[in-house]
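Chemist: Sequence:
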Amino acid sequence: MKRIAVLMLGVLMILEMGLLVFSPKVSDAQTITWKMQTTWPAGMALHTSAVGLAKRIEEMTGGRLKIEVLPAGAIVPAFEVLGAVHKGTIDAAHGWSAYWIGKHPAANLFSSVAGGPFGMDNVDYAGWLFHGGGLEFYRELYLDVMKMRVMVFPTDIIASEPLGWFKKPIKSWAELKGLKMREAGLTAEIYKEAGIETSEKGLKRIFRLGSWAELSFLPVSGERIPMIIGPS
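147 is the number that our numbering gives to position 147 of the sequence shown; each next residue is one higher, with no gaps.
Wrong hints could be hidden among the right ones.
As the list claims (entries may be wrong) - Cut-off 20 Å, straight-line C-alpha distance, at most; resulting in silico cross-link-like pairs (PhoX-like, lysine-lysine): (1) Lys192 x Lys167; (2) Lys180 x Lys192; (3) Lys147 x Lys87.
Honestly, the hints are just simulated from the structure, not real lab data.
Start from the sequences and build out the full structure, keeping to the hints where you can.
Modeler: Here's what the structure looks like:
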């Protein structure tokens, strides 16, 4: 029944919600509580978005599904949330698919790499995802290719990143050499070709431990954020 609830609540379709609410197999008094960890520090806009998502799901289920949203590092390190959901350590995660490039390079296709200077803007991306077969490929990547026992649902699509915020004006490609930047995925590989020193250092470390001063610039946000739900 938990797996059925996952599928119904994730897509947030009226018909499926109706089936869940009025199913005689589930008591109206039953309450399910999940733990969902994000890859973001508390207070960051993306973490706040995850909190808002949990609130909307609770409201739409009449309080029957409550999701406790935890910041990066609360249970597992930020970049380990996918594996934690797969193993059942946490019930769900909210993160960025390019963090899983080490598991399969195609994870980049469902992050900011699909947009920005590389192709689609956020409107084009949403059209491909929901009307062009993108979501089917997205789930196939997790379930069949990466062999992860999870179900993924896109939750946030933010405008693509043009490049970044710099501490000093950049007037040529050559001036990028030697700069330090927090970046991950295929974008990081491209920047390395320009001589940029890239790092996947967690945002929590950057903003809370003063690591910002170590970087020359940060990327302007271009995330495609999924909610990942694990096995029952």
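Chemist: Hint check: Lys192 vs Lys167, CA-CA at most 20 Å. Holds or violated?
Modeler: 19 Å, holds
Chemist: Given the hint that Lys180 pairs with Lys192, does the C-alpha gap stay at or below 20 Å?
Modeler: Satisfied, since the Cα-Cα distance of roughly 10 Å is no more than 20 Å.
Chemist: Under the criterion that the straight-line Cα-Cα distance not exceed 20 Å, is the pair Lys147, Lys87 satisfied?
Modeler: Since the Cα atoms of Lys147 and Lys87 sit roughly 12 Å apart, the hinted pair holds (cutoff 20 Å).
When held up to the earlier numbered hints, the structure conflicts with none and fits them all.
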